[in-house]
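Chain P: place on chain W using the hints.
Line by line, the protein sequences give chains W and P. Position 288, counted from 1, in the first sequence is what numbering that gives the first Met the number 0 calls 287; the numbers after and before it change by one each time, with no gaps. Position 34, counted from 1, in the second sequence is what numbering that gives the first Met the number 0 calls 33; the numbers after and before it change by one each time, with no gaps.
Hints were generated in silico from the structure; no laboratory data involved. It should be emphasised that the depicted structure is a prediction, and the values quoted were computed from it without experimental measurement. Where a beta carbon is used, it is the ideal one built from N, C-alpha and C, also for glycine.
Which bits of chain P does chain W cover? Going by a derived footprint, with three or more residues having C-beta under 8 Å, they are:
| id | region |
| --- | --- |
| 1 | 15–23 |
| 2 | 26–35 |
| 3 | 41–52 |
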Amino acid sequence: MELTDHLFRHEAGRMVAVLTRIFGLQNLALAEDVVQDAFCRALELWAFRGVPENPSAWLMTVAKNRALDVVRRERTSRTYEPELSRYLESEWTLASEIEEMFREAAIEDDQLRMMFSCCHPRLQEEAQVMLILHILCAFSIDEVANAFVTTYTAVEKRIPRAKKVLAGCKKLFDTQVPRDFSARLSAVQRALYLLFNEGYHGASAEFVVRAELCQEAMRLLGLLLEHPLGATPSSYALCALMCLDKARLPARLDASGKLNSLFEQDRSRWDQPLIKEGLQMLELSAKGSSLSEYHLEAAIASIHATAPSTEETNWDEIVSLYDTLLKLRPSPVVELNRAIALGQRLGPERGLEALRAIADWERLGKYPFYQAAFGEFELLCGRLMAAREHFSIARSLSRNRMEREFFSGRVDACN
Amino acid sequence: MSDFTFLYRGRDTTASPEQMQKTMEKWRLWFKELGEKGCLKDIGHPLENVGKVVQGKQKSITDGPFAEAKDVVGGFTLIRARDLDQAVELSENCPILEVGGSVEVRPIQILNM
Numbered sequence: 000m001e002l003t004d005h006l007f008r009h010e011a012g013r014m015v016a017v018l019t020r021i022f023g024l025q026n027l028a029l030a031e032d033v034v035q036d037a038f039c040r041a042l043e044l045w046a047f048r049g050v051p052e053n054p055s056a057w058l059m060t061v062a063k064n065r066a067l068d069v070v071r072r073e074r075t076s077r078t079y080e081p082e083l084s085r086y087l088e089s090e091w092t093l094a095s096e097i098e099e100m101f102r103e104a105a106i107e108d109d110q111l112r113m114m115f116s117c118c119h120p121r122l123q124e125e126a127q128v129m130l131i132l133h134i135l136c137a138f139s140i141d142e143v144a145n146a147f148v149t150t151y152t153a154v155e156k157r158i159p160r161a162k163k164v165l166a167g168c169k170k171l172f173d174t175q176v177p178r179d180f181s182a183r184l185s186a187v188q189r190a191l192y193l194l195f196n197e198g199y200h201g202a203s204a205e206f207v208v209r210a211e212l213c214q215e216a217m218r219l220l221g222l223l224l225e226h227p228l229g230a231t232p233s234s235y236a237l238c239a240l241m242c243l244d245k246a247r248l249p250a251r252l253d254a255s256g257k258l259n260s261l262f263e264q265d266r267s268r269w270d271q272p273l274i275k276e277g278l279q280m281l282e283l284s285a286k287g288s289s290l291s292e293y294h295l296e297a298a299i300a301s302i303h304a305t306a307p308s309t310e311e312t313n314w315d316e317i318v319s320l321y322d323t324l325l326k327l328r329p330s331p332v333v334e335l336n337r338a339i340a341l342g343q344r345l346g347p348e349r350g351l352e353a354l355r356a357i358a359d360w361e362r363l364g365k366y367p368f369y370q371a372a373f374g375e376f377e378l379l380c381g382r383l384m385a386a387r388e389h390f391s392i393a394r395s396l397s398r399n400r401m402e403r404e405f406f407s408g409r410v411d412a413c414n
Numbered sequence: 000m001s002d003f004t005f006l007y008r009g010r011d012t013t014a015s016p017e018q019m020q021k022t023m024e025k026w027r028l029w030f031k032e033l034g035e036k037g038c039l040k041d042i043g044h045p046l047e048n049v050g051k052v053v054q055g056k057q058k059s060i061t062d063g064p065f066a067e068a069k070d071v072v073g074g075f076t077l078i079r080a081r082d083l084d085q086a087v088e089l090s091e092n093c094p095i096l097e098v099g100g101s102v103e104v105r106p107i108q109i110l111n112m
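Okay, chain W solo, but in the shape it has when bound (with noise of 0.2 Å):
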């Protein structure tokens, strides 16, 4: 039998969250040890014996039986979570309470505590996506490092101090409490946002790592939809912004590590069943009152997805929703965003216009689009020298060989 793809890099997680429920969020790295051990005797039992016939079962009973080993044999020195502790201390419930946590509902129930967990509000943003990515999904630190193209120094100095944070809560995060979940939901949404956006428009060269951040988002995200409490309005456009921009990434990255800016995409290489689920999702998210920088975004990139090219879009749609962007969550991104989209309506020198006025245009400076976006609108206006001059800059800004790439492509456009 064969494995289906990242299997063992979900179920960690999943392992991890119903350890954790267990062991108490002191006690971590004990689940991470336990789950560790777990996977060295699937890779080599496997190897020799085939792959068994429902691995996920497998590897959930081997965490089963540790985590009972464990609580036996650790039951005076350890102290675990403290409405748990009742019933692990006498063996007459013992075995059927750990039985109970490992029922499937219990355990999607313990990965959103533990997303809940991880965007502490004393942690910051990035803490909270590495944490969240190393824990729930199982991603290393030299994985946490590639997925954001960071040192290995920077995030092992990180992912232990965020950890220390989690560890002083004692308790996982209960997403019962309907007051907490709502206090925390939109550091939860933001830092799943965050997580899709670094495989979007992220610095890695690799489709590959790109293409599974944007994945892990989308299966963590579904994970929140299941919850009453988190299947909100602003959940269902943060849904449908991710379903429109990963039915693009096809096109917008192709496997050759080609990057190609949406006017020179080709449509029929986007995702339709995809566009199709996130035009749903719109429309779930239509609901109440309040309006979120999600359906902004989400509403974007519906009429991209829409379009049948980019001289049929309908900027005039687009330029408005970044204006009502801008008021919801002013960032020198969104502004960039706007002006190129005014360029596209009002034609390039308003563009360059726009550009310009951008307040707070220093936060730009190692944006290599940003240099992109008046190489292009310079080049419309047919000043090839400005043009080819920001080109190079932007080219001096990339981040990786495919910018770097694509960014000498548009210098030599300016031939």
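Leaving out everything else, chain P in the frame of chain W:
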């Protein structure tokens, strides 16, 4: 044709689940290839990395394994090959080499009369 054992040493216990899944697939593929070449006499077994060592006339019993992790035999396979050279050649694609482990190739003694 002669028989050989492959003794596998060293395990990477720090790999991520994703890496482990990939490593496992490589092992399966490698065994499959050995089988297709008709060189797999007995796939053998992976071994637990704990056990006991009984030693000497006093039959002293100690907990094992005793050596460093990289020196512990983690499993074995019986191989059928033309000669030692071919057996060694077969071992060169063993996935354990990619994670810093080793394969010890040992001819099985036979009595030639």
